[in-house]
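Trainee: Single-letter residue listing:
2 protein chains.
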Amino acid sequence: MQKTTQPNQTFSGTQPTGSIVVGVVGLGLMGSSIVVSLLLAGHEVKAIAPIPADQLTAHDRIKEHLAHCEQFDLLTEPLDDYFARLSISEDYQELKGCQFVLECVSEIPAIKKEVYQRIEAVISEDAVVATNTSAIPISTLQRYLEYPARFLGVHWAEPAFATRFLEITCGENTEIQYAEWTYALAHRWQKEPTLLKKDIRGFITNRLMYAIYRETFALIERGETTMEDADKALRYDFGSWITLMGIFRRMDFMGLENQKEIFDRVLPTLSNQDEVPAIMQKMVDINARGIHNSKGLFPYTDEEAKKWEAAFTKFNRDIYRLAEQYPIDKIET
Amino acid sequence: MQKTTQPNQTFSGTQPTGSIVVGVVGLGLMGSSIVVSLLLAGHEVKAIAPIPADQLTAHDRIKEHLAHCEQFDLLTEPLDDYFARLSISEDYQELKGCQFVLECVSEIPAIKKEVYQRIEAVISEDAVVATNTSAIPISTLQRYLEYPARFLGVHWAEPAFATRFLEITCGENTEIQYAEWTYALAHRWQKEPTLLKKDIRGFITNRLMYAIYRETFALIERGETTMEDADKALRYDFGSWITLMGIFRRMDFMGLENQKEIFDRVLPTLSNQDEVPAIMQKMVDINARGIHNSKGLFPYTDEEAKKWEAAFTKFNRDIYRLAEQYPIDKIET
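Protein sequences, first through last, are from chains A and B. Start counting the first sequence at 422; every next residue gets the next number (this note's numbering). Start counting the second sequence at 422; every next residue gets the next number (this note's numbering).
These aren't lab readings, by the way, just hints derived from the structure by calculation. Hints may be right or wrong, so weigh each one.
Where chains are identical, the list cannot tell them apart; a pair therefore holds if satisfied intra-copy or between any two copies.
Lysine-lysine pairs mimicking PhoX-like chemistry, simulated, CA-CA at most 20 Å apart [said to hold, decoys possible]:
(1) Lys728 <-> Lys484
(2) Lys681 <-> Lys703
(3) Lys681 <-> Lys716
(4) Lys716 <-> Lys703
None of the values given here were measured: they were computed from a predicted structure.
Could you build all of it, start to finish, from the sequences and the hints given here?
Mentor: What follows is the structure, given as structure tokens:
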């Protein structure tokens with residue numbers, strides 16, 4: 422039976438106060454990268470590896486990420502101080518005292534359900550439990566919780582320690598103060614979070630991504646563009662304004678005079694395809710995993726794959742700093 | 422009757438050689454900004470104002486753009502040297518000797534037709550004639566040309582003098598060597614052009630823009646997000662990788678394992694709407710023109726509108742320089 426949370430001192434209004442101990446359950450690629458983000462934000466982090474083999478690999482991965490952070494000038498303390506605030510364990514008891522626990526395990530509901538039971542057995546009833554899922558609706562997972570009101574989605578972007586994006590999503594039974602508390606906490610992580618009060622199928626940016634993929638694959642299949650040209654056009658067109666403006670302010674900037682005519686003309690010609698694009702089906706057939714097995718939409722050597730990883734971290738650092746110089750509110754006032 | 426071009430010394434292979442005089446016909450917002458881009462690239466520019474009133478306003482606008490360029494450190498010569506290479510006139514005879522003429526007049530076919538006749542009456546038969554249209558198919562306009570083989574679309578992004586994007590589009594009768602010559606010339610303009618050998622309805626990036634707008638407006642109309650949150654999510658999610666990778670390399674980077682499942686799940690839920698979104702219809706009804714009349718999707722004062730213009734130029738300079746540090750070929754090899 423699901424229970425109602427009793428509010429307690431954790432929530433003074435909706436602001437997180439004092440130093441907050443956080444937990445991360447699941448130390449795969451994404452979990453490890455999130456642990457680093459939380460360490461950078463100054464938290465004491467209790468990391469739980471439900472898969473014992475992950476304990477060692479996670480340690481190495483976190484170390485490598487922190488080395489990247491040091492190389493790209495993202496650390497404010499000596500590297501060892503970050504490690505000193507981290508524990509990696511199989512033992513859920515470590516989560517006792519955590520006010521925020523993030524689940525990052527496989528996208529398999531039965532596994533997640535068991536993880537929530539183990540987490541809830543240890544933490545207090547008003548600690549926030551969040552999931553990093555990008556595949557399962559928050560409201561579905563919320564049904565597995567004993568105290569569902571404190572459950573929500575916190576969706577990160579890779580590399581979690583260098584990006585500014587964060588989507589916080591309520592399930593149908595989430596109480597808003599938990600979302601607002603998490604929203605405030607996310608600012609301590611140097612994020613620019615969005616707060617979705619309604620649980621939608623596929624997160625905003627994911628849906629928009631696939632709207633673009635659908636149209637681009639249709640153009641490619643008709644021989645009207647190539648992957649190379651589409652990437653080039655997006656890098657230099659979208660890239661030249663999206664970080665500054667997003668799409669709606671961009672529209673205001675370009676002027677709205679002919680917009681109705683353009684919508685009228687273009688919308689009926691856009692792809693409405695429901696089926697998996699042929700190029701993606703081919704990728705599945707050859708077991709392509711992109712830079713992870715050097716088999717993807719583009720070719721890669723192992724060395725090139727490594728270079729992309731480093732370039733991505735560095736670029737995120739750079740674009741983060743660039744975006745900081747253009748705060749919307751400073752431009753507006 | 423349309424005629425075939427005789428190749429001459431302008432095209433040594435498909436490379437533009439020596440100093441090239443260029444013409445721009447139509448000195449509205451976009452035309453003026455393109456003139457500045459061509460001046461920055463070192464060209465002698467013959468600017469024609471078919472609307473006499475534009476002669477004076479274009480002069481002031483170009484001066485203001487060049488002042489912006491000076492302020493943001495985009496000039497390599499004294500400001501006056503750029504002006505010395507520019508002539509502004511009503512007289513099409515000025516175009517004599519131009520090897521490249523770009524038409525930037527209103528999106529009204531009859532007006533464009535007359536402009537092409539006036540241009541072709543003066544220039545040599547193998548000089549390239551290009552249009553900056555984003556509304557009319559290149560193949561349609563091409564029918565107005567006496568020598569159609571040298572006609573193509575050259576689609577700029579604002580502010581033309583600071584962006585890196587350029588789409589070159591062939592019509593059905595364009596001979597490829599003209600497109601390749603223009604492609605090579607565009608590199609002198611510090612652009613990263615794409616070359617579309619087929620004329621498609623709506624340029625690539627425009628189509629992808631409207632695929633995103635369609636989905637985002639649908640989410641907003643269902644109360645699942647807001648314009649503010651969508652812009653924030655796009656600024657910090659898309660913004661954190663699009664300039665570096667585009668969308669396909671991004672897919673390789675994230676890994677392709679679950680992509681088939683995601684396409685299967687998400688595509689059938691995307692908006693297939695053909696009608697103009699309600700929010701855009703409302704903008705038309707209130708005569709909203711964005712920052713140009715301080716009435717738009719978001720509110721603006723005149724002062725705020727001016728700040729956005731300056732911020733956009735500066736951001737373009739910054740992102741251009743940032744992108745230069747991440748050349749795809751250097752990362753790959």
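Trainee: Going through the numbered hints above, which ones does this structure break? Give me the numbers in ascending order.
Mentor: Hint check: nothing fails, all pass.
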